[in-house]
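Peer 1: Respectively, the protein sequence lines represent chains C and H.
This note's numbering puts the first residue of the first sequence at 18, with every later residue one more than the last.
This note's numbering puts the first residue of the second sequence at 319, with every later residue one more than the last.
I should point out that these hints are in silico values taken from the structure, not numbers from a laboratory.
Warning: the hint list may mix true and false statements.
To be verified - Here's a subset of chain C near chain H, in silico, CB distances under 10 Å, partners left out:
#1 98
#2 102
#3 108
#4 138
#5 232
#6 235
#7 271
#8 327
#9 356
To be verified - Not close to chain H: a few residues of chain C, all C-beta gaps over 10 Å, as computed:
#10 87
#11 132
#12 157
#13 167
#14 191
#15 211
#16 231
#17 236
#18 239
#19 270
#20 329
#21 338
#22 368
What the hints assert, rightly or not - Residues from chain H that keep clear of chain C, each with C-beta distances beyond 12 Å, as calculated:
#23 323
#24 333
#25 334
Ideal Cβ positions, reconstructed from N, Cα and C, are used throughout, including at glycine.
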Amino acid sequence: MGLTSDSVGLHACKAMLPDRRPGDLVVALLGNPNTGKSTVFNALTGKNQHTGNWAGKTVTSACGIAMHGGRRFILVDLPGTYSLSAKSPEEEVARDFLASGQADCTIVVADATCLERNLNLVLQAAQLCPRTAVCLNLMDEARRRGFRIDFSKLQQMLGLPVVPCAAREGAGLSELLSTVLTILQHPPQPVPVPLPASAHDPSLSPQRRAEIQTAATILRAEEIACTVVRTKETVATNRDRKIDRLLTSRAAGIPVMLALLAGVLFLTILGANYPSAALSRLFSALTPFFSSGLAALHAPVWLHSLLLDGVWEVLSTVVSVMLPPMAIFFPLFTLLEDAGYLPRVAFNLDHAFCRVHACGKQALTMRKRPDRVQNPSHCHAGKSPRKTDRPFRIESSWR
Amino acid sequence: MNTGFPSLAELAPGCIAEVRQLHLSGAIRQRLLDLGLIEGTRIQCIHRSPAGDPTAYLIRGAVIALRGSDSRRIEVI
Numbered sequence: 018m019g020l021t022s023d024s025v026g027l028h029a030c031k032a033m034l035p036d037r038r039p040g041d042l043v044v045a046l047l048g049n050p051n052t053g054k055s056t057v058f059n060a061l062t063g064k065n066q067h068t069g070n071w072a073g074k075t076v077t078s079a080c081g082i083a084m085h086g087g088r089r090f091i092l093v094d095l096p097g098t099y100s101l102s103a104k105s106p107e108e109e110v111a112r113d114f115l116a117s118g119q120a121d122c123t124i125v126v127a128d129a130t131c132l133e134r135n136l137n138l139v140l141q142a143a144q145l146c147p148r149t150a151v152c153l154n155l156m157d158e159a160r161r162r163g164f165r166i167d168f169s170k171l172q173q174m175l176g177l178p179v180v181p182c183a184a185r186e187g188a189g190l191s192e193l194l195s196t197v198l199t200i201l202q203h204p205p206q207p208v209p210v211p212l213p214a215s216a217h218d219p220s221l222s223p224q225r226r227a228e229i230q231t232a233a234t235i236l237r238a239e240e241i242a243c244t245v246v247r248t249k250e251t252v253a254t255n256r257d258r259k260i261d262r263l264l265t266s267r268a269a270g271i272p273v274m275l276a277l278l279a280g281v282l283f284l285t286i287l288g289a290n291y292p293s294a295a296l297s298r299l300f301s302a303l304t305p306f307f308s309s310g311l312a313a314l315h316a317p318v319w320l321h322s323l324l325l326d327g328v329w330e331v332l333s334t335v336v337s338v339m340l341p342p343m344a345i346f347f348p349l350f351t352l353l354e355d356a357g358y359l360p361r362v363a364f365n366l367d368h369a370f371c372r373v374h375a376c377g378k379q380a381l382t383m384r385k386r387p388d389r390v391q392n393p394s395h396c397h398a399g400k401s402p403r404k405t406d407r408p409f410r411i412e413s414s415w416r
Numbered sequence: 319m320n321t322g323f324p325s326l327a328e329l330a331p332g333c334i335a336e337v338r339q340l341h342l343s344g345a346i347r348q349r350l351l352d353l354g355l356i357e358g359t360r361i362q363c364i365h366r367s368p369a370g371d372p373t374a375y376l377i378r379g380a381v382i383a384l385r386g387s388d389s390r391r392i393e394v395i
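Required output: the full structure, derived from the provided sequences and hints.
Peer 2: Pasting the structure below:
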């Protein structure tokens with residue numbers, strides 16, 4: 018068991034695409050984690066998607082179909098990554114897929130509230146796949162926090178088309194697909210990242226060369242972001258910082274966390290009692306009907322017993338006991354997650370989790386999304402040292 | 319803890335420093351470089367977690383949490 022180099026190959030990428038017909042366009046969706054890439058993907062593909070795993074890896078994949086302008090698009094949702102430097106399974110999958118040339122076009126979903134960090138991936142993707150469009154997502158959030166972005170200057174400095182979107186509201190998505198059609202006709206010319214003279218020194222080790230490349234990309238991203246983004250400290254940003262200080266402070270951090278989680282549990286258990294009782298009554302009321310129905314069909318005793326005392330009894334018990342708590346707990350937990358609270362939980366608990374050879378992010382494993390997949394090898398206590406080799410980022414905003 | 323050089327771990331909340339060198343190797347080094355922690359980057363300590371570790375830092379507009387075991391090996395000035 019373990020990853021081998023031939024468990025990952027072009028055939029793995031090919032196996033993943035659904036039935037591709039002539040005239041279809043394959044579009045790779047790339048982006049940092051938490052930029053709303055999944056929202057864009059879901060909004061474009063609706064129910065026409067299927068998820069699975071990239072062969073040989075523990076990274077989830079998703080493929081979907083979108084129709085626009087009479088053309089059929091196959092969207093491939095690549096894992097969320099910060100770069101394509103191929104040091105983690107997600108980065109390898111993304112890089113391999115882009116390098117394989119299977120995608121006719123790439124869309125990089127960038128967070129408008131954190132442009133400098135996102136531009137790193139945009140610049141790397143443009144080098145690998147010149148037919149790239151930038152989807153500047155979370156524009157509603159950017160406006161709320163007082164960001165102003167000069168789109169035409171950004172397009173000019175990148176050499177790529179930029180489409181502002183607010184995927185949560187569905188804004189900008191059809192423009193995005195139209196832009197994809199345009200760049201297939203007229204491929205853009207991405208402005209290359211200027212490299213320092215030292216990068217061309219033939220005596221450099223590949224690792225050193227890669228680091229110089231990374232540094233040059235970061236500096237270019239900084240230059241573009243400084244030119245293009247105008248921001249002011251708004252009331253919203255200050256309020257976010259104050260909330261963070263409260264939620265992760267020495268005095269209040271843990272008590273608030275325990276109180277919130279206890280509150281969720283209390284609401285679940287208390288709230289579930291009423292619908293559970295009601296469902297139980299409903300199922301009991303229906304039982305005589307089934308019983309008389311089976312009797313009317315002259316069903317033998319063993320069948321009557323199997324269906325009524327067996328199947329129906331178990332089904333009604335499980336549904337009335339399990340369904341209400343789940344129907345209450347998961348929406349409550351989703352509220353916490355969508356509010357951005359869970360990374361603060363990871364931040365508070367990381368120290369304790371590290372003491373047992375785990376990682377603070379594993380407090381979040383209750384709800385997994387493709388962009389936040391945990392490599393299971395990280396969960397084995399005391400095994401590889403890689404489990405703590407990643408810093409994790411806190412969402413810098415509350416939604 | 320005396321690491322022989324001024325490290326990020328010693329930066330107090332609210333203070334700003336400039337990255338000089340990363341005394342790290344492997345995947346964590348590449349990950350930090352990709353997050354923007356190159357030489358000359360200004361980094362601000364935001365606050366520490368209730369247990370003292372990890373600590374939140376502002377790096378190029380994003381709040382990133384770093385553990386002491388990593389921040390102790392980042393040389394700053």
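Peer 1: Compare the structure with each hint and give your call.
Peer 2: Against the structure, the hints come out as follows:
no., hint, result
1, 98, "holds (9 Å)"
2, 102, "holds (6 Å)"
3, 108, "holds (9 Å)"
4, 138, "holds (9 Å)"
5, 232, "holds (4 Å)"
6, 235, "holds (5 Å)"
7, 271, "holds (5 Å)"
8, 327, "violated (52 Å)"
9, 356, "violated (16 Å)"
10, 87, "holds (40 Å)"
11, 132, "violated (8 Å)"
12, 157, "holds (18 Å)"
13, 167, "holds (17 Å)"
14, 191, "holds (30 Å)"
15, 211, "holds (15 Å)"
16, 231, "violated (5 Å)"
17, 236, "violated (7 Å)"
18, 239, "violated (7 Å)"
19, 270, "violated (4 Å)"
20, 329, "holds (51 Å)"
21, 338, "holds (37 Å)"
22, 368, "violated (4 Å)"
23, 323, "holds (19 Å)"
24, 333, "holds (16 Å)"
25, 334, "holds (15 Å)"
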